[in-house]
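Under our numbering, residues 2 to 533 are what the sequence shown spells out, in order.
Keep in mind that a hint or two might mislead.
What the hints assert, rightly or not - The calculated lysine to any residue pairs, modelled on SDA-like cross-linking and capped at a C-alpha distance of 20 Å, are:
#1 Lys74 x Asp363
#2 Lys74 x Ala184
#3 Lys74 x Asp4
#4 Lys74 x His62
#5 Lys74 x Ser7
#6 Lys74 x Arg150
#7 Lys74 x Thr170
#8 Lys74 x Pro64
#9 Lys394 x Asp363
#10 Lys74 x Pro153
#11 Lys74 x Asp122
#12 Lys74 x His51
#13 Lys74 x Thr5
#14 Lys394 x Pro380
#15 Lys74 x Arg158
#16 Lys74 x His152
#17 Lys74 x Gly156
#18 Lys74 x Pro154
#19 Lys74 x His188
#20 Lys74 x Thr192
To be verified - What follows is a list of derived Cβ distance ranges for each label pair:
#21 Thr148 x Thr93: 28 to 36 Å
#22 Pro377 x Ala313: 23 to 31 Å
#23 His91 x Asp444: 45 to 53 Å
#24 Pro377 x Pro105: 34 to 42 Å
It should be emphasised that the hints constitute simulated quantities derived from the structure, not laboratory data. Virtual Cβ for every residue (Gly too), placed ideally from N, Cα, C.
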Amino acid sequence: MTDTDSWRLNPTDEMLHHSAHTLGSTRIVQVLWHTPRPLPAHALDDLWHHLNHGLLSRRAHHPRLPGARRAWKPATNTDPPHHQTHPLTHTTAPDWIDDQIRIPLPAGSTRLWHLASAPYDGGHLISLTVPHFLSDGLGILNALATTTRAHPPTGPRHSDTADALRQITRAARHTARWTLHLATDPHLRTTLTTALHPTTNNTTATGAANSAANGTAADAAGTAANGTANRTDGTVSGTANGAANGTDGTVSGTANGAANGTDGTVSGTASGTTDGTDGTTDGTASGTAGGAGGGSQPRFFTTAVLDIDAHAWEERARAHGGTVNSLFLEIAANLLRARLPHAAHHGLTLGIPMNLRRADGDERANALVVLPLPLPGGPPHHDDLHPTRRATKHLLQTSATHRTTLVPEPLWHLLPEHLATRLKNPGAQQTDAVASNFGDIPDAVARCAGPTATRVALRTMNVPGLIPERARLRASLCLARLGPRMTLTVTAMPDHFGTRDHLHHLVTEELTAWGLTAQPWWPAPPPTTKEN
2 MTDTDSWRLN PTDEMLHHSA HTLGSTRIVQ VLWHTPRPLP AHALDDLWHH
52 LNHGLLSRRA HHPRLPGARR AWKPATNTDP PHHQTHPLTH TTAPDWIDDQ
102 IRIPLPAGST RLWHLASAPY DGGHLISLTV PHFLSDGLGI LNALATTTRA
152 HPPTGPRHSD TADALRQITR AARHTARWTL HLATDPHLRT TLTTALHPTT
202 NNTTATGAAN SAANGTAADA AGTAANGTAN RTDGTVSGTA NGAANGTDGT
252 VSGTANGAAN GTDGTVSGTA SGTTDGTDGT TDGTASGTAG GAGGGSQPRF
302 FTTAVLDIDA HAWEERARAH GGTVNSLFLE IAANLLRARL PHAAHHGLTL
352 GIPMNLRRAD GDERANALVV LPLPLPGGPP HHDDLHPTRR ATKHLLQTSA
402 THRTTLVPEP LWHLLPEHLA TRLKNPGAQQ TDAVASNFGD IPDAVARCAG
452 PTATRVALRT MNVPGLIPER ARLRASLCLA RLGPRMTLTV TAMPDHFGTR
502 DHLHHLVTEE LTAWGLTAQP WWPAPPPTTK EN
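Put together the whole structure using the sequences plus the hints.
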């Protein structure tokens with residue numbers, strides 16, 4: 002990835018923009034800090050000004066020349082810092098963080114991100130919410146930790162003319178190799194034709210794919226370039242991110258991850274089943290292009306935030322033959338097995354966001370790919386982590402075969418919108434849950450608001466929510482470490498996981514089954530009756 006790409010929108014950026022524009026559901030990343038001491042009077046304002054000079058304060062601009070990608074341009078955030086003076090309580094704090102993530106941050110608006118604080122438990126609770134189309138979680142952490150201002154690249158090589166020429170040249174080169182591969186890979190042809198012709202019969206679709214495979218790369222690139230002028234905003238709906246890295250499914254020592262993301266939407270109808278024990282809808286989406294599917298209201302996910310001793314987590318993972326990450330993934334899988342009928346009976350798929358960001362100086366908004374990890378169904382189990390560890394390692398080792406788009410990215414950028422929309426990989430929205438392991442939170446992030454925070458958490462939410470008939474996604478989990486603490490954040494659809502308090506008890510019971518003691522950020526009342 003060269004610096005000519007960092008300030009141009011990539012497919013994930015475009016997909017998230019399109020989702021926010023057309024579906025009315027924006028994926029939001031929220032960072033939460035709890036400081037043990039009150040913030041100085043100027044601390045929140047200082048943090049706001051710091052962020053306003055960084056990579057979070059930029060907007061997407063249309064190119065002047067067809068064929069060029071949209072570009073990021075510096076912008077000023079018109080949403081001021083919000084200081085609440087009335088102290089929060091254990092009862093009101095969960096509502097307050099939900100209120101912050103619900104603050105509208107529309108695509109195309111100058112309200113770019115939202116920063117707020119409130120007194121809580123002898124110190125302060127701080128919230129930063131950022132639309133996922135502006136940045137993935139790792140990009141947000143980098144923006145918080147950096148001490149330098151963001152400057153877009155300038156000069157002839159960064160112009161729209163230069164980018165259009167590069168895209169057409171890349172499209173021709175990459176498409177030539179891809180076309181040869183397409184001609185010899187029946188599975189790829191089937192996948193491609195299903196995306197392009199979802200309602201046609203297989204014979205017609207396969208014939209179209211074989212015909213496409215016989216075309217030339219130059220024709221494909223040329224057709225795409227000619228169609229670019231027909232696109233209105235160059236975006237398509239789709240997916241996003243979080244990031245866990247490592248060959249064995251572990252994360253690196255620094256914050257090597259980004260908050261997961263997906264718009265959680267699938268064109269189509271739902272083939273949901275009903276669980277006889279609690280009457281909740283399974284709601285697995287079986288999308289068919291063009292269908293709206295269902296008419297229910299968006300579901301705003303409930304949230305549980307808990308701290309766990311990091312050394313205990315590591316010890317329990319080792320005792321069961323796993324790693325920090327494989328234990329995290331098994332916890333996510335068990336929550337699904339316990340509450341989703343199809344996950345218990347037929348297996349499940351976790352979305353594992355993999356970081357594609359360079360170690361230093363990577364200024365891309367979103368730099369990740371979501372890898373689908375199939376896991377067996379059955380009842381929750383709390384024993385051997387070797388199978389999950391092996392499956393994760395294999396998935397990461399074969400990650401080069403997973404891409405955001407079904408065609409080479411340079412070609413995808415040149416396609417007319419109606420084709421680009423169909424030629425995106427399903428990504429995270431086709432998984433039952435997304436599990437994002439952020440690894441270690443940088444010290445600079447813990448200190449960025451003044452007093453060093455003793456707790457830092459991240460979560461991702463669709464706002465105003467997900468429509469069950471259009472989404473397979475039912476939960477999203479984030480794990481981050483700050484010093485001796487692991488912080489686990491679980492957001493889940495209330496249809497399956499119940500109220501906020503019930504979700505808290507479900508997660509606590511799952512952790513207890515692994516021999517882990519959880520400390521909630523805000524105490525939940527004990528359950529009075531068993532919720533099925």
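Could you work out which of the previously given hints the structure breaks and list their numbers from low to high? Hint check: 2, 7, 9, 11, 14, 19, 20, 23 fail, others pass.
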